[in-house]
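Number of protein chains: 6
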Amino acid sequence: MPERIGIYPGTFDPITRGHLDIIERGIRLFDTLIVAVASNPGKAPLFDVNERLEIIGGEIKKYKSVRSESFDCLLIDYVKKKKASTILRGLRVMSDFEYEFQMALTNRKLAPGIETVFMMTSESYATVSSRLIKEIARLGGDVSGFVTPAVEKRLREKFRKNPGVAT
Amino acid sequence: MPERIGIYPGTFDPITRGHLDIIERGIRLFDTLIVAVASNPGKAPLFDVNERLEIIGGEIKKYKSVRSESFDCLLIDYVKKKKASTILRGLRVMSDFEYEFQMALTNRKLAPGIETVFMMTSESYATVSSRLIKEIARLGGDVSGFVTPAVEKRLREKFRKNPGVAT
Amino acid sequence: MPERIGIYPGTFDPITRGHLDIIERGIRLFDTLIVAVASNPGKAPLFDVNERLEIIGGEIKKYKSVRSESFDCLLIDYVKKKKASTILRGLRVMSDFEYEFQMALTNRKLAPGIETVFMMTSESYATVSSRLIKEIARLGGDVSGFVTPAVEKRLREKFRKNPGVAT
Amino acid sequence: MPERIGIYPGTFDPITRGHLDIIERGIRLFDTLIVAVASNPGKAPLFDVNERLEIIGGEIKKYKSVRSESFDCLLIDYVKKKKASTILRGLRVMSDFEYEFQMALTNRKLAPGIETVFMMTSESYATVSSRLIKEIARLGGDVSGFVTPAVEKRLREKFRKNPGVAT
Amino acid sequence: MPERIGIYPGTFDPITRGHLDIIERGIRLFDTLIVAVASNPGKAPLFDVNERLEIIGGEIKKYKSVRSESFDCLLIDYVKKKKASTILRGLRVMSDFEYEFQMALTNRKLAPGIETVFMMTSESYATVSSRLIKEIARLGGDVSGFVTPAVEKRLREKFRKNPGVAT
Amino acid sequence: MPERIGIYPGTFDPITRGHLDIIERGIRLFDTLIVAVASNPGKAPLFDVNERLEIIGGEIKKYKSVRSESFDCLLIDYVKKKKASTILRGLRVMSDFEYEFQMALTNRKLAPGIETVFMMTSESYATVSSRLIKEIARLGGDVSGFVTPAVEKRLREKFRKNPGVAT
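Protein chains in written order, with my numbering: chain A, 1288 to 1454; chain B, 1288 to 1454; chain C, 1288 to 1454; chain D, 1288 to 1454; chain E, 1288 to 1454; chain F, 1288 to 1454.
Hints are computed from structural coordinates only; laboratory data are not their basis.
Here the structure is a predicted model, which means the values were calculated and not measured.
You may find that some hints are simply not true.
Note that the list lumps identical chains together, so a pair holds whenever it fits in one copy or between two copies.
What the hints assert, rightly or not - In the SDA-like style, the derived pairs of lysine to any residue whose C-alpha atoms are separated by at most 25 Å in a straight line are:
hint	residue 1	residue 2
1	Lys1445	Ala1331
2	Lys1367	Arg1418
3	Lys1370	Tyr1350
4	Lys1445	Asp1318
5	Lys1369	Ala1437
6	Lys1445	Ala1398
7	Lys1368	Ser1431
8	Lys1330	Arg1443
9	Lys1348	Gly1428
10	Lys1369	Glu1422
11	Lys1351	Ser1372
12	Lys1349	Asp1383
13	Lys1368	Glu1422
14	Lys1370	Leu1316
15	Lys1330	Leu1316
16	Lys1440	Pro1289
17	Lys1448	Pro1436
18	Lys1330	Gly1428
19	Lys1448	Pro1296
Work out the full structure, taking the sequences as your base and the hints as a guide.
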């Protein structure tokens, strides 16, 4: 059997408890799982790609078969370069479904040999989105239910330095 | 029985017939209902927060138990400050549901003692959104079915002064 | 202020932790909350209406302002007879929304003075439905996460007596 | 690495091109994939469980790592008995999502170690449901786009013998 | 230009104000519009096919280009027999969409030359379904907002004769 | 019978195989079909309105009854000016539905005599959106499955000249 490599792509700005939940669930499916950080230069993320990789690194070091990388090309080109053939995505709520459906079928059209598999995020994290977490953190709210203590600290530092930063 | 205070939060840029429909329906649930205007400095509203309060004031003065205020913090912090424990929201269409669901569960996580209750907007206003109304008004369309005459006049003045204003 | 009476209608065949969650959240809105059991003769429930009332009675006796009754007419006629004007319903998932929307607007058409208010079920109970619980119990599964111990005992007795009963 | 066993459960009454599409896509995820036929005695299927197994057998014999079995207990009990820990399900359309979400989270509650993974059915089969196919076949329509020739023959035989059979 | 014939299929058990709304809107698209009543023997309708045709006849006689017929085969076979090539359907709410999408794409697969066009039902009738109307009428409720006086009279007669009839 | 004129409005930035699919299907409904390009100055399109008209012109010249124009006013005012009374729109996926529902009911409120009719895009194009296509083209991906060769060439030229252009 060839090695099963899974790619878990996202912006991870920053990584949430919901993302980590999917990583833990996804480990069983793959010999190696790569958390692939889209650099997305157009989107003006709160954390730059190196900060995001550093944050993820701290969270995943306990998993032997998981590692993290960034990419700045089409996802399917990155997947091919890694000699992987499976993309992992989490589904939280119904509205995710249609976007994910569109992305998965588009990627299948662009690269028929690459498949997307989905896992359900724990219902405890069903309402956790990076965008919402940043908005709460910016307004001084408690995000400890949504991110790990390390990420919480990073968010606090980011907004202390620059309280007006757009989220 | 302690006083039942309800908070009806929103951007109200501007207040629509759909919002007023929810206020009328919500009155029965609360001894006092506060229309809470999010100042949302990041969003570049068409009407600034004082204009929005002024417009709302004109519409709600006929309701004895309703008043209006602005807030610029996390909604749950504002709710606590008012010693309220219930948030009122209107549901118009299915896509509202998932966003509202996410917000209500997030707020419940941040403040377990605060609840959100929902009422259905009249089907006559199911398609009324502030964003769409502003777009129609900007292009010179008739918005009298969506807002009161006073709000219609405000929209007309706003776009007469500055026809190129972004909506 | 007149007494605020809320009606929480359903089949409750049997009452679940999700239903009890809504009752606890709804208490704050009403001076009196009536759990109204639809006798639904056409639906062939697992528990007859008296059994369902008995089960509910055991669960709600700790709440001073909550009581239970059955009805076998149009819901709005029952609501009027109780001199209530507000119906309480729980929303769990997106598909609930459209059904509830249809029922609420239909009831509003039949009786414009009666309103429906909605609360969100805790995400822990988002997947709990009476139908599914009965199916799991029938196949000998553990339903303790979905119903109280008293209801679990009832389900076990029901299926022990008649393992082939349709669910 | 222990053997990865996947369970693909369903009623398969009868198996469609959409089901076969998911099987082909799922093969890559598992060392062994078991197509698990729910006997569902309550549902009055068109084909009895032995016929369904026989039909599936003919379709999957070309896949070395796929086999078929029936089960008549709770799915999670069957999964445990097979020493598997992953359930495979196909998603076709948005309405599937909510049902599947409910089932997956319920199964996770009943058996936290068992996960469900989802794959998207090819858009060519997005509208294929066993129920609809049976209705078309009963009315003499051409179902060759939805099932294999062998299944088509079976449907024709079934409805020739008993044109009035309920679907 | 050949004659444009549209087929508006349904069970119409009985025809509602929502159906009549679609007929009025659809007239403009076709030289002839045929209201096609599915006899659906399996479904045990409240009104038999002749009663349904008679009721529809009374409602549509004012429209010169509309007539009514029944059919008991696959819809696309009926459409071909009428030398029509367009099916008209109404959309009321979101959940209609997915069912209609599935039917339209299935019919397109079975008969690529036949198209389905959709129109939106007036929001006043968005919550009107034949099933719900029958349930309200059976319980003695006022259905005058949902059906014409003639249909209301028919429903009253039907339930007076046989109050226990299943709906 | 007066001439039946249909208006197919959109941004068409650029026109996709999905749009062309709807045009081909829509031809049967109208004596004349006008592809109406919204100039949308606020949205910063990739192709300016003249480029979009030129691209569409190349694609539709084979259809005798189809022509293309731009408009920069409210859609319903444009429809009235063309003495048309029917708007054609394509539906691809469920999330389209709610937006289209809102637009159609809003336009009906603004101009009761104008109707919107919908057709289903072929499932082959269900995931094709102009936004996604531009993103793929910008990253050097193969968009030949989503647009015609002429449009593909245009996209390549646009991104060769200015690889950093926002999409």
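Going through the hints against the structure:
| no. | hint | in the structure |
| --- | --- | --- |
| 1 | Lys1445 x Ala1331 | both (14 Å within a copy, 23 Å between copies) |
| 2 | Lys1367 x Arg1418 | between (29 Å within a copy, 24 Å between copies) |
| 3 | Lys1370 x Tyr1350 | both (21 Å within a copy, 24 Å between copies) |
| 4 | Lys1445 x Asp1318 | neither (35 Å within a copy, 42 Å between copies) |
| 5 | Lys1369 x Ala1437 | neither (29 Å within a copy, 33 Å between copies) |
| 6 | Lys1445 x Ala1398 | between (39 Å within a copy, 24 Å between copies) |
| 7 | Lys1368 x Ser1431 | between (37 Å within a copy, 22 Å between copies) |
| 8 | Lys1330 x Arg1443 | both (21 Å within a copy, 22 Å between copies) |
| 9 | Lys1348 x Gly1428 | neither (28 Å within a copy, 33 Å between copies) |
| 10 | Lys1369 x Glu1422 | between (35 Å within a copy, 22 Å between copies) |
| 11 | Lys1351 x Ser1372 | both (20 Å within a copy, 20 Å between copies) |
| 12 | Lys1349 x Asp1383 | neither (29 Å within a copy, 35 Å between copies) |
| 13 | Lys1368 x Glu1422 | between (35 Å within a copy, 20 Å between copies) |
| 14 | Lys1370 x Leu1316 | both (16 Å within a copy, 15 Å between copies) |
| 15 | Lys1330 x Leu1316 | neither (31 Å within a copy, 33 Å between copies) |
| 16 | Lys1440 x Pro1289 | neither (40 Å within a copy, 39 Å between copies) |
| 17 | Lys1448 x Pro1436 | within (18 Å within a copy, 46 Å between copies) |
| 18 | Lys1330 x Gly1428 | both (24 Å within a copy, 20 Å between copies) |
| 19 | Lys1448 x Pro1296 | neither (29 Å within a copy, 29 Å between copies) |
Checked against the numbered hints given earlier, the structure breaks hints 4, 5, 9, 12, 15, 16, 19 and satisfies all the rest.
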